[in-house]
Amino acid sequence: MIPGRIVILCVDDEENPLHLRKLVLQKSGFQVETATSAKMALDMLGFAHVDLVLSDQLMPGGTGTELAQQIKSQHPEVPVMLLSGVNEIPPDAHYADRFVSKVEGPRALCEHISEVLAKRGIAM
Amino acid sequence: MNVNEKANILMVDDQPAKLLSYEAILGELGENLIQARSGRAALEQLLKHDVAVVLLDVSMPEIDGFEMADMMRQHPRFQKTAIIFISAVHLTDMDRIKGYQSGAVDYISVPVVPEVLRAKVRVFAELHRKTRQLEVLNQELERRVDQRTRQLQESERQFRTLANTIPQLAWMADAEGRIFWYNQRWFEFTGLSPEQSQGLDWRQILHEQHADRVLESMQRSWQNGTPWEDTFPIRNGNGEFCWFLSRAVPIRDSEGNVARWFGTSTDISDQIAAEERIKNLNTQLEQRVTELETIMQVLPVGVTVAHDPACEFMTGNQALSELLGVRPDENMSKSLDSTGAAMYELLQGGRVLPADEMPVQRAIATGKPVPTAEWEVRRKDGFTAQILGSASPLFDTDGMVRGAVGAFFDVSSRKKMEDLLRERADLLELASEAILVRDRNGILHYWNAGAEALYGWNRNEVLGKSLHHVLHTQFPTAKETIDSTLMSLGRWDGNLVQHTKDGREITVASRQAYKAGTESILEINRDITAQLHTEEALRRTERLAAMGRMAGIIAHEINNPLEAITNTFFLLRNHPSLDDEAQYYARLGEEELLRACHITKQTLGFYRESQDPVDVSIVDLLDELLELQVLRLQVSGVKIVKKYRSRGMVRGFPVELKQVFLNLVGNAIQAMPNGGTLRVGVAERKSRVGPHSELCVSICDTGLGVRPEHAKRVFEPFFSTKEAKGTGLGLWISKGIVQKYEGTIQFRSFPLNGGNVTCFRVIIPRAQQPEETEPSMIYAGMEDIPPVVRGEIDSR
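Chains as they are written, first to last, in the working numbering: chain A, 1 to 124; chain B, 1 to 796.
FYI, nobody ran anything at the bench for these hints, they're computed from the structure.
Every clue listed holds true.
Taking lysine to aspartate or glutamate and the DMTMM-like style, the derived pairs with C-alpha atoms no more than 25 Å apart in a straight line are: (1) A:Lys39 <-> A:Glu77; (2) A:Lys22 <-> B:Glu592; (3) B:Lys18 <-> B:Asp95; (4) A:Lys119 <-> B:Asp615; (5) A:Lys27 <-> B:Glu592; (6) A:Lys22 <-> B:Glu590; (7) A:Lys27 <-> B:Glu581; (8) B:Lys80 <-> B:Glu142; (9) B:Lys98 <-> B:Glu62; (10) A:Lys22 <-> B:Glu591.
Model, not experiment: these values are computed from the prediction.
Taking the hints into account, I'd like the entire structure generated from these sequences.
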């Protein structure tokens, strides 16, 4: 872990999007860890330092909002952003710090991340 | 000369002494003694007197006794006068014969024996007297016979006149019944001549049904001598039969034998016809009386008759006795119960009427009809009834009031019914449905308050007019079909399109009922325009919701790869290995990708810049977005006219509101490629549907206009008139957003001054705001939103 670099844990069940998102975020200067399920993400949070969790909403074995809820209880200091391709905001969306459409584009995504981190007092 | 009259005795002698002696001798006879001293004097005396006996001296100078006697005998008057010759000289037999030849009846010779002379003169005087008496009697007898004969002739003439004058046929028959005489009337009636009638066989003039009987009864009377009477028809000259009453009575002589028969036949045809008529009239009268009595008894109207001017005795029919609680056979005038109290009393205006003010009594007292009026009957048993009645006096043949009739009708139930009907009419007035009654030609007879409210027509304006003419009704099927359904089934249900007074088109659910024989059709029409709109909007909403669910699925399948591709292009474009040409291609691809992302974000994705609604000024928002359009407006030559009467404060999400008005302004500008005027207005006004106020934002252009056939489709998704330039989603999205604010978008497009004016108006209620937790997806929660989208086209 390189000190000073923001660590983002990306969670998605689909390999390709997860990999592409990781590359985009790395290009934007973030250190990126990946998990392919909510369970795996929680496990990783148990032993690794993570500044922000960016998770897909719809995943088998647990949705993004469920994950956000668990993180809020186990690691309340870690902000959670949810990405969704569907056009419905789930009723438990408020567990996440931000709920973002997948088609906003890479720049908007980075802006959202900066804003969420800024709110948590984490400087990039 | 009667018995006591003195007979004249003429004494003729030329010697006065002899005359004196004769006088002395005859004096005691008491007869009238006349002296004559010569034959000449004697003749004079004879002419003067009716002389019974002449004492004649035979020997006298001048004319002797014999000559004198001859002269007397030559005169007819004296031929039978008794002459007694007295002679002293010539008393021979020859003298005596001569004397008898001269007409002497006796001779007396001298000396005269007084007793003989006296006796002889007495005899002749007496004889003369008797002769004279006989003569008088004979004359009397002849006079009487003459008188009698004349009387008989008169009587006979009168009888004939009478027999010919009487209207009856008259005839006479001999003792054996052979008719030998008929009167004139007989010939006139039978048309027979006197010759034909002589010896006529009556069978010829009798009706064959009666002939045998009549002839037989006649024959019996002839034989028995008893009067005959029979009634039978007799044939007249025209061959027609007329009824006659015929009679015959025997005329008997002094010995009681039948001398002849006198008969008459009296024409009784008229009498029989009159009797027949009277009989018929009587029968009819009896029938009428029976009918009238029956009518009286079954009539539901109480009828009473006062039979005297004092109203002492009044009768009534069944209905009246029931109405008054009196026995039918009772005197209605004196209907008292066992205690002497009246069975009923009559009230008017709550006042008990005294006897002389009761209607029948008043009709009698005034002699005039009492017009129809209402009274109340209050019976002793507590029963009361409202009655309608009238009375009229009855007059006798002298025009005096002899009584009166009264008629009374129980209208209690009718009054109750009237109250009930009035209540029902009030209910009809309360009904919110339009209730109307029309005849088969559509002419309106009833129009309730609901109809006035629904159609805007006052009942005074439409009653008597044709319903369909007033409402311009459009029928779902041919009117004739509806009419025939009504006539055959008695009812018809269906929807009608009609027009209100102010020209609005409304749809009504119409229930129509026709009751056979009434000529009236009842129509109950309920306005279902709003309901139909609701239903249509619901259907549209359901369609949209289905599309929303579809869009959700599509979004998931599109957005995920879109993100991956976007990220790929992001990585690719910034990859250092790319040469300029490759970078150009990557940028082109990325731009197109961004367009795709933009569309999915707007249509299939959610968009919310903030979790919480904020206060937004529509005026600020409009100014901001018009500022951004300045360049486009200038290029197109479009003039802006702003009319803000309110800041247009709304609590909501600025971005989606901006999207609504950007869409509307954008469309307006695009509709005016060759310039025009864009009018933008904001106003606050009182809501037309509720107590709250509402915000009204209008955006009008003078551009191409909306074609009528497109008017109803402009809010549909994927509908565009801009061919390739538009997505066809702008207005659909805008409408969704406005509905989220429980608002509406309306539009009108109409030609004006050679161009078109198209106005979109967004109306947002001020008091109600979208819930904060409301999902921001444009189609979310639309099932709950009332139908408010309304497209209107004014083809003027």
